[in-house]
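A.B. asks: The residues making up each chain are set out below.
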Amino acid sequence: MAKSNVRANFSFERSLKLTGEVGYVEQVFPSLIYASGLPNIHPAELVVFETGQVGQVLSVNSKLVEILLFAPAHMPAGTQLTRTNDYLSVNVGDELFGSIIDPLGQHYGISKSTTMPQERRYVDMIPSGILERAPVSEPLETGVSIVDLVIPIGIGQRELVIGDRKSGKTSFLIQTLLNQARKGTICIYALVGKRQMDILKITNLVKSENISDRTIIVATAASDSPGLVFMTPYTAMTVAEYYRDKGKNVLLIIDDLTTHAQFYRELALLARRFPGRNSYPGDIFYIHSRLLERAGSFKKGSISTLVAADTVLGDLSGYIQTNLMAITDGHIFFDMDMFNEGIRPAVNPYLSVTRVGEQTQSPVGRDLSRQLSRFLSHYQRLKELTHFGSEFEQRVEDDLNLGERIFSFFKQEAMSTMPYPISVLLFALLWGGFWRKIDSKEMKSAMLALSKRYQEEADFQTAVNNMLSSSNNFSDLVQSVRANTQILGLVNFG
Amino acid sequence: MYSELLSLVQTTDDRDELINSLGNVLKNIYGSKEVSIEDKLNEKVPDFIVKKIIEINVKNNPTKDFEATKELLESVVKQLEEAREIHLTIAFRPTHIALEKISYWFKQTYGADFVLNITFDPEIIAGAVVVVEGKYTDLSLKSKLVTLFAEEEKEIMKQILPSQ
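Chains as they are written, first to last, in our numbering: chain A, 1 to 494; chain B, 495 to 658.
Source of the hints: derived by calculation from the structure; they are not laboratory data.
Mixed in with the good hints there might be a few duds.
Going by beta-carbon spacing under 8 Å, a handful of chain B positions derived as facing chain A [said to hold, decoys possible]:
1. Phe560
2. Val625
3. Glu627
4. Gly628
5. Lys629
Within a straight-line C-alpha distance of at most 27 Å, the following computed DSSO-like cross-link-like pairs (lysine-lysine) qualify [stated by the list, open to error]:
6. A:Lys207 / A:Lys183
7. A:Lys248 / A:Lys183
8. B:Lys636 / B:Lys648
9. B:Lys564 / B:Lys595
10. B:Lys595 / B:Lys629
11. B:Lys648 / B:Lys638
12. A:Lys444 / A:Lys411
13. B:Lys558 / B:Lys545
14. A:Lys17 / B:Lys638
15. A:Lys17 / B:Lys629
16. A:Lys411 / A:Lys437
17. B:Lys553 / B:Lys534
18. B:Lys545 / B:Lys521
19. B:Lys629 / A:Lys63
20. B:Lys534 / B:Lys572
21. B:Lys636 / A:Lys17
22. A:Lys17 / B:Lys648
23. B:Lys553 / A:Lys63
Note that the Cβ used here is the ideal one computed from N, Cα and C, for glycine as well.
Produce the complete structure using the sequences and hints provided.
C.D. replies: What follows is the structure, given as structure tokens:
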């Protein structure tokens, strides 16, 4: 369990000497303390109690100061506290790679204790203005074909990953993490109020896949204090900003913000804030927007953010869900019905949106994406007609067959990633009717074999990349593939 | 308001006791105008406070109207509850006379509506630690010695342990 170790940086006596102000605890609630005194206290300032515990000021009125604690409050009324004249900050640096930290920047649970970085950064920062920003212009490869081809994401984009519990969202996030970490992107994974077992799984995965030297985990368990859980994504964003300011591209994954909203609601109700819709406080939108606006594409570096959010029975019109959809640059919807049909990842391409991803694609990719999206809509309408059970002409049968094969192509195992160029090539082969006469299972094996060959053979990789770069649009690519089957070493099953 | 009365209340213990006593008086006279408030006051409240209350009542309420007297008592209780505290930590348990002198000085300096919240802590050795409206001032001998030792540590250690 995470402990509040900020006490290492603040001592009651030292702070009292520095500020010359003292307060007295008047009321004690779980996670919240009300204190009198402290005439010059500021909101968000840190205070330290004579027990050594540290808290953060939530609000101030003429009589009492409301203080948020980061650990259970074991103190009686009358306990003294003093101002620190400082705000919550965390140590950031390369020493954090491979470790798990809590929102106060201290090593968490099973993480081995190493040297702490020297630089400190404030956790709650104002997002950068528009002058520091740059357009989203490069693609962010997730390694999941359906996303890379149909719902492309750009570097610096904030994309919401939304769906019911156990619909495959975390698997997708992990696939993206693996793919990006292997490309050298700095990855930060924020686990907000998760089970200890889930934190352990992610930690072990990072170690076993040898991406510890590029990954930092910021975690809080469901059993941690609500104040600590609340700060988790802000600390993760602070660490991401450190690397962005060094000119690096950072992938930040926040899993998940609906849990974060629930913990904030608990705090707000304890603090007697007026409950709004679904008992959430009125500033719940601001809590998330001020976090996510800190991400984006900047002139120096970028922070791409994948934000997970839960839905209940696929309801996209929930309060927090719609808030997050408004703040982010698109959403990927994980459909439970598709998951139950065996389509995994269960990404629903009809209900998913990317607002800035298409501008990052190459002309071939953009053309492919448009043609594919059009076809999928057409396929969806055809599928609805098949419910009537009548016979169809050959053209319709071919389209239905192609649609099934496309969905079969998009099926991908958890933890497996597929590079974007090979995804495009395989789709071009499929679209060109290359595997028309074999069954889906054989087609899938052939595709996996080609994908493996791309990742292992440099010559094959070069040939594929050249083919893609020399094509002006998707149709050109399909023609090029038909003409170069020998070079690719393919046997034409069409 | 009622600064003459408040100037008689020295510590938070006195204040709490007086609030309780006046509260009991108000409970006893509730709903019954035939009860003599002065009699009840004499029963439950210290004499010197009763004299002052009666003096104020005569000044503001010459006809000794029951309702007006009751309102006066209620407003005195409210004033006492709103009295501000000065936290004073000292190293000795003061006598009655010492307490009067200390209280007099603070009320002259800060105002009659302040009461003392006195804590006894022999560890400060001498002097006092004073907290007024959140402002902390450490005038204890202990802090002076700690500061002195920090500044003159080497010299002091040389004198204590001349061989080292």
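A.B. asks: With a cut-off of 27 Å on the C-alpha distance, tell me whether Lys553 (chain B) and Lys534 (chain B) pass.
C.D. replies: holds, 20 Å
A.B. asks: Holds or violated: is there a CB of chain A closer than 8 Å to the CB of Glu627 (chain B)?
C.D. replies: At 6 Å from the nearest chain A Cβ, Glu627 (chain B) passes the 8 Å test, so the hint holds.
A.B. asks: Sort out whether Lys638 (chain B) lies within 27 Å of Lys648 (chain B), counting only the CA atoms.
C.D. replies: holds, 17 Å
A.B. asks: Lys17 (chain A) and Lys648 (chain B) were given as a pair; does the straight-line alpha-carbon distance stay at or below 27 Å?
C.D. replies: With a Cα-Cα distance of about 23 Å, the restraint between Lys17 (chain A) and Lys648 (chain B) holds, given a limit of 27 Å.
A.B. asks: Hey, Lys248 (chain A) versus Lys183 (chain A), does the alpha-carbon distance stay inside 27 Å?
C.D. replies: Roughly 13 Å separates the two Cα atoms, so the pair holds.
A.B. asks: Please work out if Lys595 (chain B) and Lys629 (chain B) have their alpha carbons no farther apart than 27 Å.
C.D. replies: Holds: Lys595 (chain B) and Lys629 (chain B) sit about 22 Å apart, inside 27 Å.
A.B. asks: Please work out if Lys207 (chain A) and Lys183 (chain A) have their alpha carbons no farther apart than 27 Å.
C.D. replies: holds, 16 Å
A.B. asks: Does Gly628 (chain B) pass the interface check with chain A, least Cβ-Cβ distance below 8 Å?
C.D. replies: Interface hint status for Gly628 (chain B): holds (4 Å vs cutoff 8 Å).
A.B. asks: So, Val625 (chain B) near chain A? Judge it on the closest CB pair being under 8 Å.
C.D. replies: holds, 5 Å
A.B. asks: Run the distance test for Lys17 (chain A) versus Lys629 (chain B): straight-line Cα separation, threshold 27 Å.
C.D. replies: holds, 11 Å
A.B. asks: Against the 27 Å threshold, does the CA-CA distance of Lys629 (chain B) and Lys63 (chain A) hold or violate the hint?
C.D. replies: Distance ~15 Å between Lys629 (chain B) and Lys63 (chain A) Cα, so the pair holds.
A.B. asks: Given Lys629 (chain B) was flagged as interface, is its beta-carbon under 8 Å from a beta-carbon of chain A?
C.D. replies: Hint on Lys629 (chain B): holds, closest Cβ of chain A at ~6 Å, below 8 Å.
The structure fails to meet hints 1, 9 and 23 from the earlier list, while all remaining hints are met.
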